[in-house]
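J.: Spelled out from the first residue to the last, the chains are:
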Amino acid sequence: MLQFLKFAAIRAFLAILTLVLVSFIVFSLMELVPGDCAERYVAFKNSQGSIITPADIQVERVRLGLDKPYVQRWGKWIINAFQGEFGDSCILRLNISQLLGQKFWLSLGLCLSALLLAYAIAIPVGIMAATSKNAVLNNSLRLVSYLGLALPNFLLALMIMLFSTIYFGDSLTGLFSKEFRDAAWSWARVRDFLGHAWLPVFILGWSATAFAIQTVRALMSDEIGKLYVTAAAARGVSGRNLLMRYPARHALSPIINSLGFDLNRIFNELPIVALILTLTEAGSLLIDALATSNDQQLAGAIIFMLTAAIVAINFVTDIILALTDPRVRSGIMG
Amino acid sequence: MTDTTTNTETTLSAKDRKLKEAYFTASQGQLIWQRFKRNKSALFGGWVLIILIFSGIFAPFLTPYDPTISGRNEAYLNGAPQIPSFCDDNGCSLRPFIYGFERTRSIKTNFRWVTTVKTDLESRLYVQFFTKGVEYTYLKFNINLPGDTLDFTIPGLTFDTHLFGVDDGFIHIFGTDSTGKDIYSRTLTAINTSLAVGTIGVFIAFVMALVIGGVAGYYGGMLDSVLQMITDTIKTIPSIPLFMALAAFIPAEWSAEARFLFISMVLGLIGWPTLARRIRTHLLTERGQEYVLAAQLSGASPAHIIRKHLLPSFTSYIIVDLVISFPYMVLSETALSFIGLGLKDPVNSLGVMLQNVTSTDVLLNYQWYFIPVFFFIALVLAFVFVGDGLRDAADPYGSNH
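Each protein sequence line maps, in turn, to chains A and B. My numbering numbers the first residue of the first sequence as 234 and each following residue consecutively. My numbering numbers the first residue of the second sequence as 14 and each following residue consecutively.
Hints may contain errors.
[To be verified] Chain A regions said to be covered by chain B (calculated; three or more residues, Cβ under 8 Å):
| no. | segment |
| --- | --- |
| 1 | 457-470 |
| 2 | 549-561 |
[Stated by the list, open to error] Some residues of chain A that are not near chain B, with every Cβ distance over 10 Å (derived):
| no. | residue |
| --- | --- |
| 3 | S330 |
| 4 | T448 |
| 5 | P504 |
[To be verified] With a straight-line cut-off of 25 Å between C-alpha atoms, the simulated SDA-like cross-links for lysine to any residue are:
| no. | chain 1 | residue 1 | chain 2 | residue 2 |
| --- | --- | --- | --- | --- |
| 6 | B | K248 | A | V549 |
| 7 | B | K248 | A | I258 |
| 8 | B | K357 | A | A464 |
| 9 | B | K53 | A | T364 |
| 10 | B | K28 | A | F315 |
| 11 | B | K248 | A | T364 |
| 12 | B | K248 | A | V561 |
These are calculated hints, taken from the structure and not from any lab test. Glycine residues also receive a C-beta, built at the ideal position from the N, C-alpha and C atoms.
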């Protein structure tokens with residue numbers, strides 16, 4: 234037990250260290266952009282009609298703490314970031330945490346559902362493909378997984394939009410119907426949301442599913458050929474019982490291990506899919522922040538939070554692996 | 014009777030021996046090629062890839078018009094594809110033809126320009142081959158160093174022959190976009206751009222991966238741990254949002270060419286961690302192998318070991334990894350350009366071409382905007398098939414010997 238706690242503590246420490254490194258990269262990116270917050274505030278005031286001198290900019294800098302050294306400001310940023318506080322956006326002049334708030338959790342929910350969907354499809358299909366000798370099934374699965382790579386999600390979204398516009402006259406965009414967009418959460422709103430959310434979830438999960446099928450199939454066909462499976466079959470275990478008790482359990486660990494990277498893949502697709510499907514409630518905030526207004530504070534906060542979600546998933550999967558996989562467990566316990 | 018059997022047996026075994034000898038004396042490249050050839054889908058992908066690469070390189074010759082705004086057809090905006098045909102109601106011709114069209118605007122059309130296709134015999138436009146058209150140049154270098162004396166230009170070779178065209182008017186086999194640019198010309202040029210971006214990106218990623226992975230793998234220990242930590246951290250950050258953040262730095266006043274270079278570099282700067290990790294792992298495992306120890310005991314210098322033993326042991330892996338990472342570069346560039354943070358207009362790439370297709374107007378009325386997508390899918394799939402085929406072929410422990 235003590236060893237396990239030690240393991241968990243080391244993992245947690247490494248996760249936090251990763252986040253600190255990430256925050257350094259993100260913060261440096263924010264700083265590299267020409268022009269700082271003070272200049273922007275002042276430029277805004279200028280556009281409102283007041284007359285601005287360089288001294289005003291300096292005063293503003295001191296007020297925002299921009300005159301402090303780089304490392305000190307980074308330290309402040311990271312301490313605030315760990316408390317979920319990212320300060321104000323210079324351009325929108327709004328608190329970032331409030332701005333992101335629900336939108337971030339909604340996006341994360343969409344991505345996690347996509348991940349869930351990917352494995353809900355991939356595990357049975359992958360096992361089937363690994364055990365079946367059916368050439369047609371195997372070849373068509375191979376084709377699907379190749380398309381998962383070659384037809385990136387945003388192209389898939391475009392294609393679905395093209396066909397649904399031609400045949401149904403509805404482009405299937407948005408996350409809510411008009412009447413529910415600003416309404417409070419209610420049962421009807423949840424139903425409306427689910428009616429809209431299936432498409433982004435499907436599209437986000439598309440390439441992850443294709444990859445996951447390949448992974449599951451490869452792992453299963455590796456494990457099936459091993460001697461312990463033959464031994465179990467010789468003892469008279471057969472059929473689904475054999476598959477589930479022996480090779481599937483072994484193949485599960487690498488899959489749990491790769492969840493973090495799958496989430497990473499889904500996050501990569503999120504902003505673009507959000508742009509195409511006009512999911513203003515999720516994801517497309519990042520594009521707004523970067524493409525239209527060049528808002529580094531907002532973009533930095535989003536990238537940091539996305540990475541934090543991946544690091545958190547990696548930490549959780551490490552712990553789950555240590556609990557479920559005897560090979561990992563014995564590794565920890567010495 | 015017995016004589017003949019022994020005879021055939023000896024010839025067979027001689028043939029066998031020859032085959033075996035050929036197998037054991039074959040170089041690694043020959044072995045890989047032998048295994049690669051047996052993989053039909055990879056071979057097919059290879060052919061598609063070669064065709065696409067050539068059509069990208071020879072795009073100016075294969076396409077009738079300049080893909081930029083100067084080659085536009087002002088009279089045919091958002092025009093439908095004109096498919097050359099041999100026969101219609103007015104009879105057949107040996108030379109393929111397309112129909113002419115007429116643009117009119119009157120009170121009847123509510124003063125909007127309306128294009129009508131004229132199907133009569135007189136307005137047929139016959140497709141001509143090897144027509145003269147806009148000039149294009151190959152092998153032109155222009156190095157502009159500070160100071161006039163250091164400027165240095167190779168004029169290159171200028172041509173003006175195009176594979177096909179029509180005498181008066183324009184031919185648009187894939188249609189035109191909203192400014193009248195020929196989509197066919199743009200598509201082939203876009204393949205060229207995507208390949209160029211991918212090549213630069215892969216090259217930068219490769220150099221960085223080789224240095225970082227090589228240092229980590231060769232020295233090991235503490236340095237390795239630190240480098241691994243950094244590599245893993247960069248791998249954890251979702252790359253497309255990071256691309257977006259980096260691409261947002263590009264000042265608006267930069268030229269399209271400078272943008273192109275910067276985007277390719279950014280792709281390379283973010284793409285290295287996976288490759289670096291593989292190189293490092295490979296170096297770490299190979300370093301402890303018996304053949305390295307044997308070479309060391311025979312008195313070989315480290316330089317000799319690296320050059321003659323370590324490098325050949327994984328060049329094939331590196332080549333395979335480079336081919337596999339290529340489509341990711343192309344995909345990332347497309348995604349970036351698609352959202353308007355990547356390449357910009359005078360430079361043609363698939364992402365640039367797809368920028369406007371999400372509008373309902375295009376989805377409903379101008380579906381030929383989607384034609385480049387199929388070329389793009391073919392390009393990515395071809396790379397994936399070839400990459401997979403090479404990976405299987407380069408793996409000496411693979412199942413298909």
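J.: Compare the structure with each hint and give your call.
T.: Structure-based check of all given hints:
no. : hint              : in the structure
1   : 457-470           : violated (count 0)
2   : 549-561           : violated (count 0)
3   : S330              : holds (18 Å)
4   : T448              : holds (15 Å)
5   : P504              : violated (6 Å)
6   : K248/B <-> V549/A : holds (18 Å)
7   : K248/B <-> I258/A : holds (12 Å)
8   : K357/B <-> A464/A : violated (62 Å)
9   : K53/B <-> T364/A  : holds (24 Å)
10  : K28/B <-> F315/A  : violated (72 Å)
11  : K248/B <-> T364/A : violated (33 Å)
12  : K248/B <-> V561/A : holds (23 Å)
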